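S.K.: Sequence:
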Amino acid sequence: MKHTISVLVENHFGVLARVSALFSARGYNIDSLSVGETEDPATSRMTVVVRGDDSVLEQITKQLNKLVDVIEVIDLTERNFVERELLLMRVGAEGSQRGEIVEIVTIFRAKVVDVSPDSMIIEVTGSEGKAEAFIDMMRPFGIQELVRTGEIAIGRSHARRD
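In the numbering used here, the protein residues as written are 19 to 180.
Rather than coming from a laboratory, the hints here were simulated on the basis of the structure. Do not take every clue at face value.
Listed below are the simulated EDC-like cross-link pairs for lysine to aspartate or glutamate, each with C-alpha atoms no more than 20 Å apart in a straight line [said to hold, decoys possible]:
#1 K84 <-> E28
#2 K129 <-> D154
#3 K20 <-> D49
#4 K20 <-> E150
#5 K129 <-> E163
#6 K148 <-> D49
#7 K80 <-> D58
#8 K129 <-> E141
#9 K148 <-> D136
#10 K148 <-> E118
#11 K129 <-> E150
Label pairs and their computed distance ranges (CB to CB) [stated by the list, open to error]:
#12 G110 <-> N83: 43 to 51 Å
#13 T79 <-> V130: 23 to 31 Å
#14 M155 <-> N47: 41 to 49 Å
#15 S134 <-> E28: 36 to 44 Å
#16 D49 <-> Q162: 23 to 31 Å
#17 S134 <-> R174: 39 to 47 Å
#18 S134 <-> K20: 30 to 38 Å
#19 G117 <-> R44: 31 to 39 Å
#20 T56 <-> E141: 22 to 30 Å
#21 F31 <-> V74: 23 to 31 Å
#22 G32 <-> G173: 20 to 28 Å
#23 G117 <-> T61: 40 to 48 Å
#24 D49 <-> G117: 33 to 41 Å
For clarity, every value in this text was computed on a predicted model and none was experimentally measured. Positions of the beta carbon are idealized from the N, C-alpha and C atoms, including for glycine.
Please model the entire structure based on the sequences and the hints provided.
M.R.: Here it is as structure tokens:
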């Protein structure tokens with residue numbers, strides 16, 4: 019099972035290395051890892067996607083909570099949350115193919131961010147499934163280069179009861 023874990027950490031040197039070392043030392047593979055500063059410059063948020071059963075997740079959570087630099091660990095998997103991934107792709111685009119590529123870009127609500135005589139760079143934002151589907155649609159045109167951020171996620175607000 020895929021688990022999305024949000025880890026709030028102190029924003030200083032070496033924290034990422036300690037967290038990733040924890041995973042590798044226990045033989046847990048990270049599917050994706052994204053890190054960025056939060057609204058508070060003293061903290062960063064890590065979004066870690068791992069696969070495993072509930073016992074694996076429980077072990078990961080316990081081990082993360084033992085790290086001094088970790089402030090909070092939240093398993094978003096069972097919660098209501100929003101996830102996104104950013105993908106940039108350079109695809110071959112001869113003159114006659116450009117119209118078809120732009121049609122596909124429009125359907126996926128993506129953006130053409132750069133054009134050269136023989137290629138286009140396209141930006142796609144959305145779920146992992148959307149990114150995978152877009153990649154599949156672009157393969158026939160010749161994907162020249164591809165880079166992905168991995169998943170970032172945030173929990174939705176809870177409804178207030180007044």
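S.K.: Look at each hint and say if it fits the structure.
M.R.: Hint by hint, here is what the structure shows:
Distance restraint check for K84 and E28: the Cα-Cα separation of roughly 14 Å lies within the 20 Å cut-off, and the hinted pair is therefore satisfied. The suggested pairing of K129 with D154 holds, with an alpha-carbon distance near 17 Å, which does not exceed 20 Å. At most 20 Å may separate the alpha-carbon atoms for a hinted pair to count; K20 and D49 meet this at roughly 9 Å. Restraint check for K20 and E150: satisfied, since their Cα atoms lie roughly 16 Å apart, inside the 20 Å limit.
Proposed proximity of K129 and E163 is supported: the alpha carbons are some 16 Å apart, at most 20 Å. Of the pairs offered as hints, the one joining K148 and D49 holds, with about 17 Å between alpha carbons and a cut-off of 20 Å not exceeded. Between K80 and D58, the direct Cα distance comes to roughly 25 Å. Violation of the 20 Å bound is thereby established for this hinted pair. Among the hinted pairs, K129 with E141 is consistent with the structure: their alpha-carbon atoms are about 5 Å apart, no more than 20 Å.
For the proposed pair K148 and D136, the alpha carbon gap of about 25 Å is over 20 Å, so the pair is violated. Restraint check for K148 and E118: satisfied, since their Cα atoms lie roughly 18 Å apart, inside the 20 Å limit. Distance restraint check for K129 and E150: the Cα-Cα separation of roughly 16 Å lies within the 20 Å cut-off, and the hinted pair is therefore satisfied. Here the CB-CB span from G110 to N83 is close to 48 Å, well matched to the stated 43 to 51 Å.
Separated by about 41 Å at the C-beta atoms, T79 and V130 break the suggested range of 23 to 31 Å. Here the CB-CB span from M155 to N47 is close to 28 Å, at odds with the stated 41 to 49 Å. In this structure the hint that S134 and E28 lie 36 to 44 Å apart at CB holds, the actual value being about 43 Å. One distance hint, 23 to 31 Å for the beta-carbon pair D49 and Q162, holds here, with the actual separation near 25 Å.
Checking the proposed 39 to 47 Å range against S134 and R174 shows it holds: the Cβ atoms sit about 40 Å from each other. In this structure the supplied range 30 to 38 Å holds for S134 paired with K20, their Cβ-Cβ distance being about 37 Å. Separation of G117 from R44 is about 51 Å and departs from the stated range, judged on CB atoms against 31 to 39 Å. At roughly 24 Å, the beta carbons of T56 and E141 sit within the given window of 22 to 30 Å.
For F31 paired with V74, a C-beta distance near 29 Å keeps the hint of 23 to 31 Å intact. Hint check: G32 to G173, Cβ distance near 27 Å, so the stated range 20 to 28 Å holds. Taking 40 to 48 Å as the suggested C-beta distance range, the pair G117 and T61 conforms, at roughly 46 Å. Our hint of 33 to 41 Å for D49 and G117 holds, since their Cβ atoms are close to 36 Å apart.
The structure shown violates the earlier hints numbered 7, 9, 13, 14 and 19.
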